[in-house]
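Q: Here's the letter readout for the chains.
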Amino acid sequence: MKNGQTIRGYRIISEPTNSGGGRCIWAFAEKRGDGYFVKKFLDPKWPTEMSMGGPASKQRRREECLEFERRHREVNSRINPRALGGGNLVTAIDFFRDGTTYYKVTDRIEAEKATDLRDYSIRQAAVILRTLCHSIKLLHRAGIVHGDLKPDNVLLQKSGTGDLYTAKVIDFDDAYPSGDPPPPDQVVGDQRYGAPEWLRYVKGDPAVAPDQLTTAADVFTLGLIFHVYLTGELPGYDQSRFGAAAEAVWSAQPLGLSPALDPRAAALLRRMLSPTITDRPDLGELLHQLADERILIPSDRPDGRAPAGRPVPDGGRPAPSPPGPRRASRLRVNLARPAPAAGTPAPGPRPGPPAEPEKSRIRKNIGP
Amino acid sequence: MPENTTSLKYAVDIVFCIDVTGSMAPVIDTVKDGALSFHNRLEKTMAAKGKEISQLRIRVVAFRDFSDSPTNALQESAFWTMPEQASEFESFVRGLRAAGGGDVPESGLEALAVAIDSDWERGLDRRRHIIAVFTDASAHPLGKGADASTYPAAAPGSIDDLFEMWGYGSSQTAVMENAAKRLLLFAPDTTPWNVIAADWTNTLYFPSQAGDGLEEYDLNEILEIIANSV
Chain V
1 MKNGQTIRGY RIISEPTNSG GGRCIWAFAE KRGDGYFVKK FLDPKWPTEM SMGGPASKQR
61 RREECLEFER RHREVNSRIN PRALGGGNLV TAIDFFRDGT TYYKVTDRIE AEKATDLRDY
121 SIRQAAVILR TLCHSIKLLH RAGIVHGDLK PDNVLLQKSG TGDLYTAKVI DFDDAYPSGD
181 PPPPDQVVGD QRYGAPEWLR YVKGDPAVAP DQLTTAADVF TLGLIFHVYL TGELPGYDQS
241 RFGAAAEAVW SAQPLGLSPA LDPRAAALLR RMLSPTITDR PDLGELLHQL ADERILIPSD
301 RPDGRAPAGR PVPDGGRPAP SPPGPRRASR LRVNLARPAP AAGTPAPGPR PGPPAEPEKS
361 RIRKNIGP
Chain D
1 MPENTTSLKY AVDIVFCIDV TGSMAPVIDT VKDGALSFHN RLEKTMAAKG KEISQLRIRV
61 VAFRDFSDSP TNALQESAFW TMPEQASEFE SFVRGLRAAG GGDVPESGLE ALAVAIDSDW
121 ERGLDRRRHI IAVFTDASAH PLGKGADAST YPAAAPGSID DLFEMWGYGS SQTAVMENAA
181 KRLLLFAPDT TPWNVIAADW TNTLYFPSQA GDGLEEYDLN EILEIIANSV
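First to last, the sequence lines map onto chains V and D.
Using my numbering, the letters of the first sequence correspond one by one to residues 1 to 368.
Using my numbering, the letters of the second sequence correspond one by one to residues 1 to 230.
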């Protein structure tokens, strides 16, 4: 894949990069005036007649490729928005092989990445959280674990002419059926946002069987993402003892939630971040709780302009800040209008001026 | 490396496979200039991406041409653990001289075989095994100059056999772990590199201008590509 090359009608218009890691390189593309995001897979490779290796080797590689195609099509059909009945999942619109190499194409999303929603109004934050939960609910209903949720994989797209944002969920290449993850050395995830059972599975803990990696792992991850969104920080834990939130929870050390969180939000996050998988709420309950936007108002300043305290556990240090620009402004209270339904950002005028994020980068698209 | 700064322990092994024939002076100078600071720069690049390496080891395989001058056609080091052995890494690369090689092609495939046959880390929670090939020339077929006493035992008889050494997901003959390995090819758009790029899994190809010593790549770009591969 080269800048300027045309692959199956998609003209590559940016320098391909492996930014974002994973077994792929990606670039932006254009086709008939529309923008696309093209991902080239590094593994597997289809053996052609001219390829290296003997007949037996080529046969095994073809079988690998056919299994790769089957798995891709199965997951993609299960998370297809038409099959799910909606949602804001940025799914593949094209998947093909060109020569030895597989490619996947999605729409190019004009969106922002955020690691801190305190620049946004309460209404904006609520819609973002609800649309995020709505999409994940549809994914979970289809029996699929995203497996790599993190702020990088949630794009905020401004809705039409309004000032609300919809959360678009990307990167399903490492999604897996609930309870049926890839082997420990292949399952993907970001340890900053991973669930305790995921971490134990990756580390080869024999007490954690594959069937314990379920949709509840995504709920734990969402708990960490929500905390980052609402306070700008991961929950606190003793960094002299633990390298990630999951490790602290695994060791029965409760995470330090920000005192600025509304008590109801804190209680919800505590359940999402429970070490016990069955104690975590499902997405339906999360959406129910988030219907009341008041739980997003910082508790120490009802006017919504309070600096959220950095979470510190007893005897510990604050958790490291997630990457991304720090912002000075805070969640602004704006409850003048009724909440829109999940997944359907409310259009129309609003009482206050639009809350544009001050330092957020416009992401023309996000890497894999 | 600090303790308890990460839950998952990542082991990263990098083998630099460097063409040290005459035309490669620019990239060799780049490697020399960056050798001592490589660990810190990679660590900073990784930190900016929210990643952390628990154990980093580096090895160098420098190559020229067995059919031209077998006595100095291959120079290889053991793995150095960084940053503890950074000065040894620097000392080795300072000793590399861009010279010889005669006409293209060079013995790049033999060097790649030696790199694949490295003593890769098998422990820790997660591993990344990276081979970064830097050359501005095509490569001889395997076996050219094989009668030299310095010819590497790790080199197979054909590129098909070399392919099987690299392997694929269900391969029974692969020397390296499929999930861990990455091949970064900074090489011209010529055989065998463009064929390898098409056929081999987990391979990233950065085509360069033949004979220009990879002048189009600076150390920051190379570091970024390596960091993205970890």
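Wrong hints could be hidden among the right ones.
Stated by the list, open to error - Label pairs and their calculated CB-CB ranges: (1) 71(D) / 71(V): 15 to 25 Å; (2) 82(V) / 103(D): 51 to 61 Å; (3) 33(D) / 259(V): 18 to 28 Å; (4) 218(D) / 207(V): 46 to 56 Å; (5) 66(V) / 157(D): 39 to 49 Å.
Hints were generated in silico from the structure; no laboratory data involved.
Idealized CB from N, CA, C, for every residue including glycine.
Q: All hints are to be evaluated individually against the structure, with a verdict given for each.
A: Right, here's what the structure says about each hint:
Checked against the hint of 15 to 25 Å, the pair residue 71(D) and residue 71(V) fails, with Cβ atoms roughly 51 Å apart. In this structure the supplied range 51 to 61 Å holds for residue 82(V) paired with residue 103(D), their Cβ-Cβ distance being about 60 Å. Under the hint 18 to 28 Å, the C-beta atoms of residue 33(D) and residue 259(V), about 50 Å apart, miss the expected range. Checked against the given bound of 46 to 56 Å, the beta carbons of residue 218(D) and residue 207(V), roughly 48 Å apart, stay inside it.
A beta carbon spacing of about 31 Å between residue 66(V) and residue 157(D) contradicts the range 39 to 49 Å that was offered as a hint.
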